[in-house]
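Undergrad: Protein sequences, first through last, are from chains G and D.
For the first sequence, the working numbering begins at 1 and goes up steadily by one.
For the second sequence, the working numbering begins at 1 and goes up steadily by one.
None of these hints come from the bench; they were simulated from the model.
Please note that the accuracy of each hint is not assured.
Claimed, not checked - Okay, the calculated bits of chain G under chain D, using three or more residues with CB under 8 Å as the criterion:
| hint | region |
| --- | --- |
| 1 | 79-89 |
| 2 | 170-179 |
| 3 | 253-262 |
| 4 | 278-292 |
Claimed, not checked - Residues from chain G that face chain D, not an exhaustive set, calculated with beta carbons under 8 Å:
| hint | residue |
| --- | --- |
| 5 | Ile56 |
| 6 | Asp62 |
| 7 | Leu130 |
| 8 | Leu133 |
| 9 | Val139 |
| 10 | Phe158 |
| 11 | Pro210 |
| 12 | Glu212 |
| 13 | Gly265 |
| 14 | Pro266 |
| 15 | Ala269 |
Beta carbons: idealized from backbone N, C-alpha and C, even for Gly.
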Amino acid sequence: MIHPNSATATAETSAVAVAPATRPARRSRGLRRKLELTLLLSPALLLFIGFVLLPIGIAAYDGLYHWTGFGPLSGFAGLHNYRVALSDPVFQHALLHNVLIAVLSIVIQLPISIGVALLLNRRIRGRSLLRLLVFAPYVLSQAITAVMWALLLQPGGFVDEVMKAVGLGGLVQLWLANLHIVLYTMFLVLTWQFIGFGIILLLAGLQGIPAELNEAAALDGASAWETTRRITLPLLGPTIRILMFLSIVGSLQVFDVVWIMTGGGPANASSTMATYLVNRGFQSYEFGYGSAVAVIMFVICFAFALVYQRFVLRRDTRGALTRAVG
Amino acid sequence: MTATLEAPTVQPSPTGRPGRRKISAVTPFTYLVALLIVGITVVPLLFVIVDGFRSNAQINTSPTGLPHPWVWHNYSSLLTSSAFWQPLGNSALIAVIATALVVGLGSMAAFALSRYSFKGREAIYLLFAVGLLFPINAASLPLYVLLQKIGLLDNLLGVALPEAAFQLPITIVILRPFMRAISGEIEDAAVVDGASRFRFFWRILLPLSRPALATVSVLAFVVSWNTYLLPLLVFTSQQHFTLPLAVATFQTQYAQDTAKILAFTALSMVPALGCFVLAERHLVGGFSGAVKG
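In isolation and in its complexed conformation, chain G is listed as follows (with noise of 0.2 Å):
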């Protein structure tokens, strides 16, 4: 935390010498405060709510109606779309999808951050560099990513090439055309931008972890293995728990990378959510469907959010969100 030290103050003592208040002066200055809560409190409200709140209202409200989005709401459909989007496979697969490449980034990204964090953690040549260049990709916009890759991937492109010339030609696949592979391949890109993320995340709470600690351990005989696992990693516990929330987060709203490499196919083999809502919602005119697809995509969030808030990081939560900075 901050200590302000900057002496801007002159007066010595920290008493207010405020003339006893008279009761018409109070009055006012309950007024004055009420006016200067207003117009520090309304911009910000109106633009939440205006912006968050008021569009997830629609969408909850619009979600009802059989609507193409042309003209006034028309054609009540009650819970008839809810219904259909859930009972519907394509939607069901996507769905399906958001959750393999959750398990997928918790299996395999989240063993592989921890250990690189824990080896760029160590004193080694080139390590503020190695820093900076694991977390580079993560600064780039995935539409940017997405391209890049789509190009790396072409058939006979740069990554077969080199699969080739190192000797791995027989594993060459159609990357972004074979249906068994593709989800697959979103991921591997997907880990590209973002691994680099998790691992800062985890290096700056190794930091946090006192080198006395470990000292302590190795006088008493500990191995390194066990001073990971019985020290470290317990200890990096709060920085998994949320790197892992934020991971489900982020793959329950997968979009940009697919959307710009395959568009969700082929034949929505790499379809999420978000590329089905946007599929049938803007390509196929279907408002009222597309709203509450997104009332869905909405709740599955949320829901997934407040039940790892409760059962997850309820230890950890507590005062996590007053103390992001310092």
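Since chain G is already given, all that's left is putting chain D on it; use the hints.
TA: Coordinates of chain D only, in the frame set by chain G:
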């Protein structure tokens, strides 16, 4: 990934930091992994940049070769046309508007929520904090409908306003505890000196909050700079396209001209990577600070 398994047994030594010097056994492995990381991260980026200096014929003959001869045309033709500069300007303008809005309104709200006590304060804070869980992608379609109703489609503000709104929660969540931690004595002293609360806010609180303001500004700018879905839906005329949108569109428009797509993609990376190298500390600190528990 198995690096930790093979870490050396740390042995206590009477002099200084134990075990540090015994790393040598593992060092080659460590550097191998480091090299692998560098390769995986950097090679794709280099490929895009270097292949932008080749002609399509060169790329088609050998996808992995080096430029021979170096072709400047791809880059020079883009740098002398509006195809690159216009989306760059749009992205910058939208990001600046969104950032200014969210930092301005966010710091005002955070001031009220941190240094006033009033009924309903925690409820309002909670309302903002819950907004952290609202994904902008899920809201894209309803946002489109809303923007259509208020006539902001195909308008820069139609992207900047929602971006600012969705960035408000994290901004307030970061700023409030920071402003709260600033000692009350400073405020009292300012009041004694006859400063109004607004004056205190403007002349004392904001300058003292500079580190946190830098963090939220960088966050807001980067998020806006990289957003793809919202501009994709809101903009129909190409003159409004932001950089991510322009890159993706360029790829489909010039599908035959791989070299030019590569050059365009490479150029589009420059602003983000350049700023990143310059402001790495703020960025990394900002991102990890923003989510750190």
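Undergrad: If a hint holds in the structure, say so; if it doesn't, say that too.
TA: Hint-by-hint comparison with the structure:
Remark: the region 79-89 of chain G is not confirmed as covered by chain D, as 0 of its residues place a Cβ nearer than 8 Å to a Cβ of that chain, below the required three. Residues of the region 170-179 of chain G lying with their CB closer than 8 Å to a CB of chain D number 0, which falls below the three-residue condition for coverage. Closer than 8 Å: that is the beta-carbon criterion, and the region 253-262 of chain G has 5 residues meeting it against chain D, so the requirement of 3 holds. With 6 residues having a beta carbon nearer than 8 Å to a beta carbon of chain D, the region 278-292 of chain G meets the requirement of three or more and the stated coverage holds.
Checking G:Ile56 against chain D: minimum C-beta separation of about 6 Å stays under 8 Å; hint holds. The criterion of a C-beta within 8 Å of any C-beta in chain D is met by G:Asp62, whose closest approach is roughly 7 Å, and the hint holds. Hint status for G:Leu130 relative to chain D: holds, with the closest Cβ pair at about 6 Å, below 8 Å. Interface restraint check: G:Leu133 against chain D, minimum CB-CB distance 5 Å, threshold 8 Å, status holds.
Given hint, G:Val139 at the interface with chain D, holds; its Cβ is 4 Å from that chain's nearest Cβ, closer than 8 Å. The criterion of a C-beta within 8 Å of any C-beta in chain D is met by G:Phe158, whose closest approach is roughly 5 Å, and the hint holds. Hint on G:Pro210 is violated. Least Cβ distance to chain D is approximately 13 Å, over the 8 Å limit. Given hint, G:Glu212 at the interface with chain D, is violated; its Cβ is 11 Å from that chain's nearest Cβ, farther than 8 Å.
For G:Gly265, the interface hint is violated, the least distance from its beta-carbon to any beta-carbon of chain D being 14 Å, above 8 Å. A cut of 8 Å between beta carbons decides the hint on G:Pro266: the least distance to chain D is about 17 Å, and the hint is violated. Because the closest C-beta pair between G:Ala269 and chain D is about 20 Å apart, greater than 8 Å, the hint is violated.
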